[in-house]
Structure formats: C-alpha cells, structure tokens
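Chemist: One letter stands for each residue in the lines below.
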Amino acid sequence: QQKVQQSPESLIVPEGGMASLNCTSSDRNVDYFWWYRQHSGKSPKMLMSIFSNGEKEEGRFTVHLNKASLHTSLHIRDSQPSDSALYLCAARRSNNRIFFGDGTQLVVKP
Amino acid sequence: EAAVTQSPRNKVTVTGGNVTLSCRQTNSHNYMYWYRQDTGHGLRLIHYSYGAGNLQIGDVPDGYKATRTTQEDFFLLLELASPSQTSLYFCASSAQGNYAEQFFGPGTRLTVL
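Going down the list, the sequences are from chains A and B. My numbering applies: residue 52 is where the first sequence begins, and numbers increase by one. My numbering applies: residue 13 is where the second sequence begins, and numbers increase by one.
Honestly, the hints are just simulated from the structure, not real lab data. For clarity, every value in this text was computed on a predicted model and none was experimentally measured. Fair warning: there could be bad hints in the mix.
As the list claims (entries may be wrong) - A few chain B residues facing chain A, derived, Cβ under 10 Å:
#1 Tyr43
#2 Tyr45
#3 His53
#4 Tyr60
#5 Leu67
#6 Gln68
#7 Asp71
#8 Val72
#9 Tyr76
#10 Phe87
#11 Ala104
#12 Ser106
#13 Glu113
#14 Gln114
All C-beta atoms in this analysis are idealised placements derived from N, C-alpha and C, irrespective of residue type, glycine included.
Chain A on its own, in the form it takes in the complex:
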C-alpha cells in the first residue's frame, strides 16, 4: 500500500509560469515532510522540508502543509527550464521510517 501519493504524475508549465505539485499521506502517524528534486541522470537532493501547519517560502519555492489532512504542496513561481526535474515527496512516520512517493515529473517549456 502506497503511503505517500503524489499528483499529478507529470506537469508541463511555460517558462515564467507557476507549477503546483501535491503530496498526501495515507498514514496518520506521519509528522514531517520533505521535498526532493532529482534532475535527469542525477541523485535526489533535498529542496525543502516542513513539519508545521502553514507555509514556508524560500526564494521562488513555497511549501504548504495541512497537518489535519496530511497534505503538502510545493509551488514554484516564475518557473525556469532548469526547474525541469522529478520532484519527490517524502514523509516521516513517528517511528522514524521515511517513505517516498512516486514523484511528479515537471517540464518547464521555454
């Protein structure tokens, strides 16, 4: 059973546009989320993390978390072709186990 669901599977946005990615956990024991970015042929690297309700902004990236629904979203404004990558959501369970979703493939078209 997949504990972390991501949507959409793939997303195409124009350069300069806004990309919105979603992630939900089906496990009520999850208490922390990460977003990782993986460029083609590279390894995943952490982008942002969040564990409190609300939002967190770092440059063009904003992460939201709703703990009641265990839903997090990543928003990328002014998207650039260099943002094209696989975005992976990870969730931590209270017993310290971490689960990754299957990812959203983002393509930013010039």
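With chain A's structure known, arrange chain B on it following the hints.
Modeler: Chain B alone, transformed into the frame defined by chain A:
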C-alpha cells in the same frame, strides 16, 4: 556538503550471478540506506542501518542482503541476481535525529541479463 560515494557506477551481470554494491559516506552520519529506483516507482527502501553491525529491513528486501561493516561503509549483496533486480540503486546517509535530511550517492545502474 555531505559526501556519499558508490561503486561501481555501472554493473552488468547474468542471472544467478553474485553482485556486491558498495557505499561509503564521510559525514559521520549514523543512518545509511539502500534504495532502488524504477520508472514509475520513485524510491523504494531495501535495507537501512543506524550503526555499524546494525541492519533493518526496508519495504522491498526480498533477494537482497546488506551489511554495515563500519560507520562509513554499507554494502548491498545480491547473491542470485535476477532480471527483476535490474534497476538504479541509490545509497543515502543521514545524521541521527528525527528530522534529518538524507544525502544521496550518485547511484549504481545494475543490469541483470
């Protein structure tokens, strides 16, 4: 920045063959992980460890053994490789602590013919 290295970077073997994938981290991290990544499946945890001599079973452990010989070194063993184990394998490490970021190695692409 954290340093995690993997070897070999590419490996081709035949069905029934013996394969060992190596991972070394130089960050003094306690936790180390082995994942496989297949198209459409994100990262799936095979085994992990929180210290030398410790081994924990992940979500897809069948057909894999692992051993953590030192704090730095974590090995993944496929003793009877099968084509279903053709995949991209990542090693990662993280500091002890509930909210620690994982640092990934460059990956090993394994092909089982």
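Chemist: Does each hint fit the structure? Answer for all of them.
Modeler: Hint by hint, here is what the structure shows:
1. Tyr43: Cβ of Tyr43 (chain B) sits 9 Å from chain A, so the hint holds.
2. Tyr45: holds (8 Å)
3. His53: At 6 Å from the nearest chain A Cβ, His53 (chain B) passes the 10 Å test, so the hint holds.
4. Tyr60: holds (9 Å)
5. Leu67: violated (15 Å)
6. Gln68: holds (9 Å)
7. Asp71: holds (8 Å)
8. Val72: violated (12 Å)
9. Tyr76: violated (17 Å)
10. Phe87: violated (18 Å)
11. Ala104: Result: holds, 8 Å to nearest chain A Cβ.
12. Ser106: Holds: closest Cβ of chain A sits about 9 Å from Ser106 (chain B), inside 10 Å.
13. Glu113: With a closest approach of 5 Å, the Glu113 (chain B) hint holds.
14. Gln114: Status holds, d = 7 Å.
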